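Taken in order, these protein sequences are the chains called A and B.
Taking this note's numbering, I'd label the letters of the first sequence as residues 1 to 159.
Taking this note's numbering, I'd label the letters of the second sequence as residues 1001 to 1156.
Honestly, the hints are just simulated from the structure, not real lab data.
There's no promise every hint is true.
[Stated by the list, open to error] Take a look, some chain B residues computed to stay more than 12 Å from chain A by CB distance:
1. G1007
2. K1008
3. N1013
4. L1016
5. E1028
6. E1032
7. A1043
8. M1046
9. S1079
10. G1087
11. K1093
12. N1123
13. D1131
14. R1138
15. K1140
16. P1141
[Claimed, not checked] Derived pair list, reagent style DSS-like, types lysine-lysine, alpha-carbon separation capped at 27 Å:
17. A:K124 - B:K1135
18. A:K86 - B:K1114
19. A:K156 - B:K1047
20. B:K1011 - B:K1021
Bear in mind the structure is a predicted one, so any value in this text is a computation, not a measurement.
The beta-carbon is built from N, C-alpha and C at its ideal position, and this holds for glycine as well.
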Amino acid sequence: MNLHLKINHMKKISIVLGAALMCVLMAFAPASGDRLLGVWQSGSGKAGVKIEKIGTKYYGKIVWLKEPIDPATSKPKVDKNNPDEKMRTVPLKGYRILKDFTYKDNDEWGDGTIYDPENGSTYKSVIKMKDNNTLDIRGYIGVQALGRTDTWKRMKLGK
Amino acid sequence: MLFGACGKQTKDNITLDITFKSDGPFFEASPESLQHQLSEELAAFMKQHQATEANIEAVKLISASFTTADSAGFADFSSLTLNMMAGGDSKAKEIAVQNPLPKGKTFTAQPAGKADLSAHFKNKEKFLVCDLTPKADREKPFEIKAKLTFEFTFKD
């Protein structure tokens, strides 16, 4: 084999190995939508919300509260403002406030809802990931222009 | 003049025996979700009614009872919420709630609201999700057997 053929052969091997490495890296990288998974702190700092995936959709439940005890009852806070009377005994810690989000594209999740336990209202919602540790969560009624955006930060656990 | 005739409706109940399992550990700081994906459980019932998903008019949960063989019963947990989730346009719904949980090994939960679950049962991808709030950290696995009765309304 002359030198020219050897170089060509080496190039082909490099391309194949490079492609194989890319495949391996892609197999272990989280799907784009799954970058939303984790625990996030709301803008007010009052709650930590764990976002998980069930089926193909994303849901978020409260897993941490800055003030877990209701001073009025001296017991763990419950969802006392829920419009459904039967839900008013459900503990806030564990309550699923983000529901039914699907990954769209460009770091955006839509078709979901966000529940505000402070007033018992549910809003349509979209989530935009600004960077790996920052989310803009917009809740709105009707059209997106009529709404409010809250910025959430990824919580660093174990600190 | 009104055109079209009202289709015939049929109502029937089905009781599903669902097992929720978690290998643990449970952390007090993090409520746990135990999932079960419904797949073949409804096949015989649908066949009996010669129905497809398109024939489902309405579905509601009419009773929900829960049992555990765990030696401590439900004493390690403070509350349970049962949710139904599905793909497509259907929205997640809380369908049964119990807070506080009794100390024994069995209880009947209050169905939450009068949610129509037809959109969920029409979907190929559907989940029952059981949220448990632990009272303290727990290493051992936990298993719950749920007996859920749904009322189906079929249309021709």
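Requested in this report: Please settle this one: N1013 (chain B) was flagged as non-interface, so is its CB more than 12 Å from every CB on chain A?
Outcome: 21 Å, holds
Query raised in the report: Does K1011 (chain B) pair with K1021 (chain B) here, judged by a C-alpha cut-off of 27 Å?
Result: Violated, at about 31 Å.
Query - Consistency of the no-contact label for K1140 (chain B), given chain A and a CB cut of 12 Å - result: 20 Å, holds
**Report entry** Outside-interface status for P1141 (chain B) - nearest CB in chain A farther than 12 Å
**Finding:** With a cut-off of 12 Å, P1141 (chain B) remains clear of chain A, as the shortest Cβ separation is near 19 Å.
Report task. Check the non-interface label on N1123 (chain B): least C-beta distance to chain A beyond 12 Å or not. Result -> 9 Å, violated
Query raised in the report: Taking 27 Å as the top limit, are the C-alpha atoms of K156 (chain A) and K1047 (chain B) close enough?
Result: At roughly 51 Å apart (the allowed maximum being 27 Å), K1047 (chain B) and K156 (chain A) break the hint.
Query - Status of M1046 (chain B), Cβ more than 12 Å from any chain A Cβ - result: 21 Å, holds
Query - Exclusion check [R1138 (chain B) not at the chain A interface, CB over 12 Å] - result: 15 Å, holds
Query raised in the report: For G1007 (chain B), which was marked as not at the interface, is the minimum beta-carbon distance to chain A over 12 Å?
Result: 30 Å, holds
Query raised in the report: Can we confirm that no CB of chain A comes within 12 Å of the CB of K1008 (chain B)?
Result: 33 Å, holds
Requested in this report: Check the non-interface label on S1079 (chain B): least C-beta distance to chain A beyond 12 Å or not.
Outcome: Violated, because the least Cβ-Cβ distance between S1079 (chain B) and chain A comes to about 5 Å, which does not exceed 12 Å.
Query - Non-interface claim for A1043 (chain B) versus chain A (Cβ beyond 12 Å) - result: Answer for A1043 (chain B): holds, closest chain A Cβ roughly 19 Å.
Violation of the numbered hints given earlier is confined to hints 5, 6, 9, 10, 11, 12, 13, 17, 19 and 20; the remaining hints are satisfied by the structure.
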